[in-house]
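From just these sequences and the hints, can you work out the full model?
2 protein chains.
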Amino acid sequence: METVMERECSALGGLFQTVIGDMKGGYPVWDDFISKATKLQSQLRTTVVAVAAFLDAFQKVADLATSSRGGTRDIGSALTRMCMRHRSIEARLRQFSLVFLDCLINPLQEQMEEWKRAANTLDKDHAKEYKKARQEIKKRSSDTLKLQKKAKKADVFGRGDLQPQLDSAMQDISDKYLLLEETEKQAVRKALVEERSRFCCFVSMLRPVVDEEMSMLGEITHLQTLTDDLKALTMDPHKLPASSEQVIVDLKGSECTWSYQTPPSSPSTTVSRKSSMCSSLNSVNSSDSRSSGSHCHSPTSHFRYRASSSSSSSVLPQQTPARLSSVSSHDSGFMSQDAFQSKSPSPMPPENLQ
Amino acid sequence: METVMERECSALGGLFQTVIGDMKGGYPVWDDFISKATKLQSQLRTTVVAVAAFLDAFQKVADLATSSRGGTRDIGSALTRMCMRHRSIEARLRQFSLVFLDCLINPLQEQMEEWKRAANTLDKDHAKEYKKARQEIKKRSSDTLKLQKKAKKADVFGRGDLQPQLDSAMQDISDKYLLLEETEKQAVRKALVEERSRFCCFVSMLRPVVDEEMSMLGEITHLQTLTDDLKALTMDPHKLPASSEQVIVDLKGSECTWSYQTPPSSPSTTVSRKSSMCSSLNSVNSSDSRSSGSHCHSPTSHFRYRASSSSSSSVLPQQTPARLSSVSSHDSGFMSQDAFQSKSPSPMPPENLQ
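Chains as they are written, first to last, in the UniProt record's numbering: chain A, 1 to 354; chain B, 1 to 354.
Errors might be hidden in some of the hints.
Which copy is meant is left open, so a pair is good if it fits within one copy or across any two.
[Unchecked claim] Derived EDC-like pairs: lysine to aspartate or glutamate, alpha-carbon spacing no greater than 16 Å straight-line:
#1 131 <-> 245
#2 139 <-> 172
#3 60 <-> 31
#4 190 <-> 172
#5 24 <-> 102
#6 152 <-> 245
#7 176 <-> 129
#8 239 <-> 182
#9 138 <-> 219
#10 231 <-> 211
FYI, nobody ran anything at the bench for these hints, they're computed from the structure. Predicted model, so just to flag it, every value in this text is computed and none were measured.
What follows is the structure, encoded as structure tokens:
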């Protein structure tokens, strides 16, 4: 009987050791995880910076479309909405990389020290208890062996008088084995709980990261309507919208008109002269002066503003306030350009002919 | 009359020049966009590499849980599913960075050369035509002026005979102005269409990128059920699942048992000895031999396999085939470890006591 019980206790002890060994053998895996997560996190951080710079450039393209002479204002507004949605995605990505560090990488690194201490304590305590129990059983066993020999010798003279003592000793060993088995089972359970709680702890650290990841999804879902808007607006690149034709019509009745600037004969200087004119226009536009005196184009730009607002507000009502402010700021930029243009002296005034 | 028409034609010519100027002034904006997009794309490419390395490390953590002695196999399976879903996200991210380069950055760069050529051609053609038309009108105007003077002088002698000629000349100038106005309107429309078609072209290049971005969303949506699974599994870290208790129960009736290995007295060598034992266990596990002779733990592992399959197959049926293969490969790994463990000579065989 003792051989079977001995084997079972040893098996439980072996299982305990293997579980502890597994935990200790897992440290390089956890270390590798922390190292790769740290690298990914720093990569995400620099990606966020690149995304921010990209979106700045994207917004400038959208502004280019919005501040044009009337042919692409609608596309500019849609591109601005697309850009703003990506700003939200950028913010989520930034938040994601922060949570990745603060909720997973750093706490896991701290937790690992705790894990190492806990496993060592479990192992040491178990080894001490197991050794003590086994030594006690061993001593009782050899005592019982001696008692058995004594009983065999005593058998010749007066048999039955050592049997109760022998039975009691055997029972004692059996009880001690049962106790050891129960202790070992508890130790195995403790080790399994320790092992499981590590993964539970890991999952609890992982969850806010995945939550943050999923909240990026909330931003991405809105992209569908935005890309549909853009598709509809750019369906036919060679058809001008009504607002573009309006620019030509408005020009006729307007008091402040553009005037043709005779280009010099050399084509190369034409380009440089034009571009310098454009850069001065752009500088006026970027200063975004709302105090320009002449507001001759106001009716037209208001017409356009209302038209674009009513056509797309039903699709994305939550975007309306932000988009309106962007459009109105460009309206002001548009007007200040007109004012600048109307004030510039014409190199070929209409009066010089007749 | 001519003064008004002159002014209107000049205004249209000025508008044309401004639209062309806007397009030319936009080149630095497009260049900046391409530059920032290129930087972001290369950043995304290195991020994909970091994600792949991170997921390798993540999978090893999942394997650690799956290949444990029974306490965390369920968590390991859920972590493996989480990891596999992120592999799909990684693949989408890789695809996204490719599409970003192939569908947006490279074509846009090529398109810009085309845009520059087109704007220069528009500008040159317009300047030539405008100049020619204006010179012709100027000549007719001065001819008409001479005719008017002649008519005034002729008025003294015989009045009416030059009037029809004068009327015809005036009508001719008026017609020429109307023609110029129409030509200028067409030129402005052409310029506006050219400007608009650039943004349409840009949007058409942007769309596959946004589509790819949104298809990442399809992968992310599945994360919710996976994180819910993990949350449910790790709700109580200190409660062992039935399968863990089964490991202890199975140990009793099993033919091939673990055995306790007496640790040496020094605690430091204990750790190094354990970890070397574990690494040899891991190497057996990673070789994933399915041809291990001893299959003593088969019934237990099959029980666990069926239990975990039925408990979560209703939640994620589409994941079943992949997960099953992962679990079964780990079952095989688990068994080969058992075989290894049962074959290892015990330093304290149960026979050496009694």
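Right, here's what the structure says about each hint:
{"no.": "1", "hint": "131 <-> 245", "result": "neither (96 Å within a copy, 25 Å between copies)"}
{"no.": "2", "hint": "139 <-> 172", "result": "within (12 Å within a copy, 133 Å between copies)"}
{"no.": "3", "hint": "60 <-> 31", "result": "between (44 Å within a copy, 11 Å between copies)"}
{"no.": "4", "hint": "190 <-> 172", "result": "neither (27 Å within a copy, 107 Å between copies)"}
{"no.": "5", "hint": "24 <-> 102", "result": "neither (25 Å within a copy, 47 Å between copies)"}
{"no.": "6", "hint": "152 <-> 245", "result": "neither (123 Å within a copy, 44 Å between copies)"}
{"no.": "7", "hint": "176 <-> 129", "result": "within (13 Å within a copy, 113 Å between copies)"}
{"no.": "8", "hint": "239 <-> 182", "result": "neither (86 Å within a copy, 18 Å between copies)"}
{"no.": "9", "hint": "138 <-> 219", "result": "neither (69 Å within a copy, 61 Å between copies)"}
{"no.": "10", "hint": "231 <-> 211", "result": "between (32 Å within a copy, 12 Å between copies)"}
Violated hints, listed in ascending order, are 1, 4, 5, 6, 8 and 9; each of the other numbered hints is respected by the structure.
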